[in-house]
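Engineer: One letter stands for each residue in the lines below.
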Amino acid sequence: MNWSDIGIVLAVRPFGETSVIVELLTAEHGRHAGLVRGGRGRAMRPVLQPGNRVKAAWRARLEDHLGAFTIEPDLLRAGALMDDAAATEGLHAICALACLALPEREKHAAVFDGLEALIAGMAATDLWPALMVKWEAGLLTDLGYGLDLDRCALTGTRDALTHVSPKSGRAVAGGAPEAADYVDKLLKLPPFLQGAQAGLVEGDVAAGFALTGHFLERWILWPADRQLPGARERLLERLKTEGRL
Amino acid sequence: MSDVAGPEIQRLIELLAKLPGLGPRSARRVALQLIKKRDVLMTPLADALTRAAEAIKTCSECGNLDVNDPCKICTAPGRDAGLICVVEDVGDLWALERAHAFSGRYHILGGVLSALDGVRPDDLNIAKLIERANREETREVILALNATVDGAATSHFLSDRLKDAGVEISSIARGVPVGGELDYLDDGTLAAALKSRRPS
Chain A
81 MNWSDIGIVL AVRPFGETSV IVELLTAEHG RHAGLVRGGR GRAMRPVLQP
131 GNRVKAAWRA RLEDHLGAFT IEPDLLRAGA LMDDAAATEG LHAICALACL
181 ALPEREKHAA VFDGLEALIA GMAATDLWPA LMVKWEAGLL TDLGYGLDLD
231 RCALTGTRDA LTHVSPKSGR AVAGGAPEAA DYVDKLLKLP PFLQGAQAGL
281 VEGDVAAGFA LTGHFLERWI LWPADRQLPG ARERLLERLK TEGRL
Chain B
522 MSDVAGPEIQ RLIELLAKLP GLGPRSARRV ALQLIKKRDV LMTPLADALT
572 RAAEAIKTCS ECGNLDVNDP CKICTAPGRD AGLICVVEDV GDLWALERAH
622 AFSGRYHILG GVLSALDGVR PDDLNIAKLI ERANREETRE VILALNATVD
672 GAATSHFLSD RLKDAGVEIS SIARGVPVGG ELDYLDDGTL AAALKSRRPS
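Line by line, the protein sequences give chains A and B. Numbering-wise, my numbering comes out as the position in the first sequence, counting from 1, plus 80. Numbering-wise, my numbering comes out as the position in the second sequence, counting from 1, plus 521.
If we strip away everything but chain A, and leave its shape as in the complex, we get:
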């Protein structure tokens, strides 16, 4: 068995004294692990940092085997992000989340493309926390747990959708009389999650993280006895301190 693909490094664990087991998120083969011989050497260590894009060739005798990767650098950007505290924490959080949430060896091209855009955005724009919220919402959708933000679950209207039901993940028009009894129990829906045209105001990113975090925990992580990575919590603290939520 062998294939070649582009991948983003998600995690690296030492194996023996000179090798590592690398987890990549690949475009065509999903989250895939493999052994990299000599991965702890001086040449490979800078390449095998979370967030870097690599060209990977995987080879194994049988499909079920762990297999071995031959890795070549493609776009090394982790080093450039390390000076930015929020971006480092963000990189930490998204790579860990992808490892925890995505099943192994299952193609998720949209998640890969989103992650690629998000990491590129970390170096290019201050708005990347909003991109991260969108990526998390996309992750939910790609895993089959997408939020239904098209129409109100109570009235069926498509307008003035301001909240999301924490149980069903469906949008709710918070101003509707039918919602009056529940509105304080609903999660806030930031406008930027509904369409690309919506701008960002203070509190939107925090509301977005609360929304995606709630459903990631409830639908994806808790059933597998997992929790949101601590790095995501620390990222939110940092963004709050910097006034970027």
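Hints are computed from structural coordinates only; laboratory data are not their basis. None of the values given here were measured: they were computed from a predicted structure. Any given hint could turn out to be false.
[Said to hold, decoys possible] Rough simulated footprint, nothing fancy, chain B against chain A, three-plus residues with beta-carbon under 8 Å:
| # | stretch |
| --- | --- |
| 1 | 128-137 |
| 2 | 165-176 |
| 3 | 198-209 |
[To be verified] Per label pair, the in silico range of CB-to-CB distance:
| # | chain 1 | residue 1 | chain 2 | residue 2 | range |
| --- | --- | --- | --- | --- | --- |
| 4 | B | Leu570 | A | Arg185 | 44 to 50 Å |
| 5 | B | Asp560 | A | Pro94 | 37 to 43 Å |
| 6 | A | Arg185 | B | Asn646 | 37 to 43 Å |
| 7 | A | Pro153 | B | Gly687 | 51 to 57 Å |
| 8 | A | Ala189 | B | Asp704 | 47 to 53 Å |
| 9 | B | Ser717 | A | Pro183 | 38 to 44 Å |
| 10 | B | Gly632 | A | Ala189 | 34 to 40 Å |
| 11 | A | Asp228 | B | Gly632 | 41 to 47 Å |
| 12 | B | Gly544 | A | Pro153 | 50 to 56 Å |
| 13 | A | Lys187 | B | Leu570 | 51 to 57 Å |
Ideal placement from N, C-alpha and C gives every residue a C-beta, glycine not left out.
We have chain A; now place chain B onto it with these hints.
Structural biologist: Below, chain B alone, put in the same frame as chain A:
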């Protein structure tokens, strides 16, 4: 192997094979060498191991390993108590000491934050570091963690936590290593080297 050697020899080989750099085959060679040189090597080694296991303590001040608590570095009168160099592991302390480039004191963190391995701030020796940074004599804390994403995340986290201590916080530089050729350096290292250039 158990057919040709008794359980004591087998146990010795199994334990030796757990050491870094030794597999089962090289562990057998080491065991054989030890057995052949029983008086000059095996007995003194066993004696040294027993003594070390009994005497080695973790320094309550910095987390270093030594036979005294506080350790030799923390009690050395010639060392600058105002400088604290934070490292991930004892191996990093030894590496810096080999370089003879630092005359202050150290603080061993015991790891770095890792989302996947579940290493959180409470798992690291951070509370003691903050206490030391708040002492009157401390002037500067140098963060000398590995230049990895985990190491950088930990450095940023520590910078935040140490802000209120009123000490200078610095990080070791990243850039071109001695003997390094630009052509072979990765993009991140080159970018960091250019960013931290200095007038010459």
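Engineer: Are at least 3 residues of the stretch 128-137 of chain A within less than 8 Å of chain B when you compare beta carbons?
Structural biologist: holds (count 3)
Engineer: Could you check the hint for me, namely that aspartate 228 of chain A and glycine 632 of chain B are 41 to 47 Å apart, CB to CB?
Structural biologist: 42 Å, holds
Engineer: Take a look at whether the Cβ-Cβ distance between proline 153 of chain A and glycine 687 of chain B falls inside 51 to 57 Å.
Structural biologist: 42 Å, violated
Engineer: Between the beta carbons of serine 717 of chain B and proline 183 of chain A, is the distance compatible with 38 to 44 Å?
Structural biologist: The hint (38 to 44 Å, Cβ to Cβ) holds, given that serine 717 of chain B and proline 183 of chain A are roughly 41 Å apart.
Engineer: Could one say that the CB atoms of lysine 187 of chain A and leucine 570 of chain B fall in the range 51 to 57 Å?
Structural biologist: Holds, since lysine 187 of chain A and leucine 570 of chain B (Cβ atoms, about 52 Å apart) stay within the stated range.
Engineer: Falls inside 47 to 53 Å, the C-beta gap from alanine 189 of chain A to aspartate 704 of chain B?
Structural biologist: 35 Å, violated
Engineer: Counting residues of the stretch 165-176 of chain A with a beta carbon closer than 8 Å to any beta carbon of chain B, are there 3 or more?
Structural biologist: Contact hint for the stretch 165-176 of chain A vs chain B: holds, 8 residues under 8 Å.
Engineer: Just to make sure I understand the rule, a stretch counts as covered if three or more of its residues have a C-beta closer than 8 Å to a C-beta of the chain. Does the stretch 198-209 of chain A meet that for chain B?
Structural biologist: Our answer is that it is violated, as 0 residues pass the Cβ test (under 8 Å) against chain B, missing three.
Engineer: May I ask you to test the hint 50 to 56 Å on the CB atoms belonging to glycine 544 of chain B and proline 153 of chain A?
Structural biologist: Cβ of glycine 544 of chain B to Cβ of proline 153 of chain A: about 31 Å, so the range 50 to 56 Å is violated.
Engineer: Can you let me know if the beta-carbon spacing of glycine 632 of chain B and alanine 189 of chain A is within 34 to 40 Å?
Structural biologist: Holds, at about 35 Å.
Engineer: Taking the Cβ atom of arginine 185 of chain A and the Cβ atom of asparagine 646 of chain B, is their distance within the range 37 to 43 Å?
Structural biologist: 38 Å, holds
Engineer: Within 37 to 43 Å or not, the Cβ separation of aspartate 560 of chain B and proline 94 of chain A?
Structural biologist: 38 Å, holds
Hint check: violations occur at hints 3, 7, 8, 12; the rest are consistent with the structure.
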